[in-house]
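Taken in order, these protein sequences are the chains called A and B.
Following UniProt numbering, the numbering of the first sequence begins with 1 at its first residue and continues without gaps.
Following UniProt numbering, the numbering of the second sequence begins with 1 at its first residue and continues without gaps.
Do not rely on the hints blindly, as some may be mistaken.
If chains are identical, the list can't say which one is meant, so a pair holds when it fits in one copy or spans any two.
Claimed, not checked - Okay, derived cross-link-like pairs now, DSS-like style, lysine-lysine, Cα gap no bigger than 25 angstroms in a straight line:
| id | residue 1 | residue 2 |
| --- | --- | --- |
| 1 | Lys110 | Lys250 |
| 2 | Lys166 | Lys351 |
| 3 | Lys354 | Lys15 |
| 4 | Lys169 | Lys250 |
These are computed hints drawn from the structure, not numbers from a lab.
Protein chains: 2
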Amino acid sequence: MAELKNDRYLRALLKQPVDRTPVWMMRQAGRYLPEYKATRAEAGDFMSLCKNQDLACEVTLQPLRRYDLDAAILFSDILTVPDAMGLGLYFETGEGPRFQRPTDTIDAIKKLCVPDPEDELGYVMRAVSTIRRELKGEVPLIGFSGSPWTLATYMVEGGSSKTFEKIKKMAYEEPATLHMLLDKLADSVILYLNAQVANGAQSLMIFDSWGGALSHHAYREFSLRYMQKIVDGLTREAEGRTVPVTLFTKGGGLWLEAMAETGCDALGLDWTVDIGDARRRVGHKVALQGNMDPSVLYASPARIRQEVEQILASYGEGTGHVFNLGHGIHQHVNPEHAGAFINSVNELSVKYHK
Amino acid sequence: MAELKNDRYLRALLKQPVDRTPVWMMRQAGRYLPEYKATRAEAGDFMSLCKNQDLACEVTLQPLRRYDLDAAILFSDILTVPDAMGLGLYFETGEGPRFQRPTDTIDAIKKLCVPDPEDELGYVMRAVSTIRRELKGEVPLIGFSGSPWTLATYMVEGGSSKTFEKIKKMAYEEPATLHMLLDKLADSVILYLNAQVANGAQSLMIFDSWGGALSHHAYREFSLRYMQKIVDGLTREAEGRTVPVTLFTKGGGLWLEAMAETGCDALGLDWTVDIGDARRRVGHKVALQGNMDPSVLYASPARIRQEVEQILASYGEGTGHVFNLGHGIHQHVNPEHAGAFINSVNELSVKYHK
Numbered sequence: 001m002a003e004l005k006n007d008r009y010l011r012a013l014l015k016q017p018v019d020r021t022p023v024w025m026m027r028q029a030g031r032y033l034p035e036y037k038a039t040r041a042e043a044g045d046f047m048s049l050c051k052n053q054d055l056a057c058e059v060t061l062q063p064l065r066r067y068d069l070d071a072a073i074l075f076s077d078i079l080t081v082p083d084a085m086g087l088g089l090y091f092e093t094g095e096g097p098r099f100q101r102p103t104d105t106i107d108a109i110k111k112l113c114v115p116d117p118e119d120e121l122g123y124v125m126r127a128v129s130t131i132r133r134e135l136k137g138e139v140p141l142i143g144f145s146g147s148p149w150t151l152a153t154y155m156v157e158g159g160s161s162k163t164f165e166k167i168k169k170m171a172y173e174e175p176a177t178l179h180m181l182l183d184k185l186a187d188s189v190i191l192y193l194n195a196q197v198a199n200g201a202q203s204l205m206i207f208d209s210w211g212g213a214l215s216h217h218a219y220r221e222f223s224l225r226y227m228q229k230i231v232d233g234l235t236r237e238a239e240g241r242t243v244p245v246t247l248f249t250k251g252g253g254l255w256l257e258a259m260a261e262t263g264c265d266a267l268g269l270d271w272t273v274d275i276g277d278a279r280r281r282v283g284h285k286v287a288l289q290g291n292m293d294p295s296v297l298y299a300s301p302a303r304i305r306q307e308v309e310q311i312l313a314s315y316g317e318g319t320g321h322v323f324n325l326g327h328g329i330h331q332h333v334n335p336e337h338a339g340a341f342i343n344s345v346n347e348l349s350v351k352y353h354k
Numbered sequence: 001m002a003e004l005k006n007d008r009y010l011r012a013l014l015k016q017p018v019d020r021t022p023v024w025m026m027r028q029a030g031r032y033l034p035e036y037k038a039t040r041a042e043a044g045d046f047m048s049l050c051k052n053q054d055l056a057c058e059v060t061l062q063p064l065r066r067y068d069l070d071a072a073i074l075f076s077d078i079l080t081v082p083d084a085m086g087l088g089l090y091f092e093t094g095e096g097p098r099f100q101r102p103t104d105t106i107d108a109i110k111k112l113c114v115p116d117p118e119d120e121l122g123y124v125m126r127a128v129s130t131i132r133r134e135l136k137g138e139v140p141l142i143g144f145s146g147s148p149w150t151l152a153t154y155m156v157e158g159g160s161s162k163t164f165e166k167i168k169k170m171a172y173e174e175p176a177t178l179h180m181l182l183d184k185l186a187d188s189v190i191l192y193l194n195a196q197v198a199n200g201a202q203s204l205m206i207f208d209s210w211g212g213a214l215s216h217h218a219y220r221e222f223s224l225r226y227m228q229k230i231v232d233g234l235t236r237e238a239e240g241r242t243v244p245v246t247l248f249t250k251g252g253g254l255w256l257e258a259m260a261e262t263g264c265d266a267l268g269l270d271w272t273v274d275i276g277d278a279r280r281r282v283g284h285k286v287a288l289q290g291n292m293d294p295s296v297l298y299a300s301p302a303r304i305r306q307e308v309e310q311i312l313a314s315y316g317e318g319t320g321h322v323f324n325l326g327h328g329i330h331q332h333v334n335p336e337h338a339g340a341f342i343n344s345v346n347e348l349s350v351k352y353h354k
């Protein structure tokens, strides 16, 4: 493997000194980029793009050619694991992801098998190793998975949901059934993420997109508990370096203390939290990633720069901050505005690392 | 006016002693009740129901006939004010509310007039006075409005939104334009709510459904600031009693301290906050309303009872708690489960008020 030339991202996650605040963007390989749309059109549909290692590598690298980013993230979907369990993932235009065979009964859940990451998920591993090779050590590669709770919401509901009627009914009426599902998912995610590391991922992130839909207590029981299990089961070192783990619960700003207790290295923040407050609450334990509202990218470069400065100032001096958006970049953002965002972080953050 | 027989709800909001924790449900007059669906079918569409004072009164009273509730809430829509400003509110099946004439330019905003509550909104006032009369003093009547920010999201986007692209672009690019809109809305809401009090409302609630979509700083600038203006402008006494004011920002659990500073009497909580934590943070200043996840009503009566007990125990002894759901009751809930919820609060809360 080529030696890593830029390790700012990994160092900041471990709270080691850096020369400036590292930056990347969630969903940085995405529809706001015309070159992404072209490659996706070539692939056909979204899953064909994920399953073609060369095209998945191509879209992963596209934002790095445009912008001075400090990390690459594997191009894949959060729902690969349930798909590999046999649920039949498909995408309906304008409807988001759906499953042909939802898993909303105890019998269906009992039948689920933990997928072999090198077999049913082999296409992801081939993408990881291809991307890692093609990165040529420029920046580290982030591997990722959806959280068990988040995966389970799609599996039980059959797709996206506003009120999570079926899975919440299961949580309150048949908790043992849901725990069986979540436990299988946690086991699957551990194998999946460890295989990503074995194939070249240098950092891991767990996306808990829907943990914020739970109550204070239900979050601990149905989401955090299984992210804890994953953190405990992950390979934390590879190629002689620590593999940092970041947990991100969208809408989880109230629960940062509990998340930091899991032993993860960093927490992702959405934009509802003031990052300075978050640092005071948990910054002695974990690094923080975030947290500009992606909608700020609709504004002018000057306004974007102002917002970046505000977030940097709120975090304050020293390491432990990875700049990012508070959620994935929106598809209608002007790519030049994304560039203004990244340049602003790169320029303005130097003074916080003297 | 008939003398008020049950003032538990008003007393708890003012942190005066009560014999048990008062309870009501957001959207208690709603589609989960067959009698509501029958009346709505009679009215035709949703706005015709709102505009017919006798039918609006009928659906307001329906849940009180079924359940031992401690408050009634005016049956109306949160978007009556922008509709009265001339935007042309309509409802598309499965699409939620929409406006025929969105207000997304400075010229459109400049032309907006503050509606006269007794004229353009006279139908709401007639509903308030009819309901108040027909309540015959059984329980107090809650009046309400959407918050300026929440109203503005629908006005600028033209309807519901997931990412609030247009209004956030306005917030970051043309803040003065948005402030002009929010200021007109705050003035309108003050007149609207004061007129509701003049017509018989005994308590007021401001629903900030979309404040939680904002960043920490943007929430203060674009949502809270205008709720503050409203709190400052409201009639706080009528018929020799205090008219308590409750602010509810869904997803605002991180910002309770700032909300409590407005001088309101109570805060509504969604289910992501532990109510005991909220009490420790702000309970010396304000009463708290909430906060069971409405999805718990999908579970069995025994499980509902358990959840009620947990929330009561978390709040602890003493007054200052109005039990409610953390959001409106869902349409597919079994009305018997709503009854189990209300009975559980009534029975289990007595021991916290010795």
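query: Broken hints, numbered, in rising order?
result: 1 and 2
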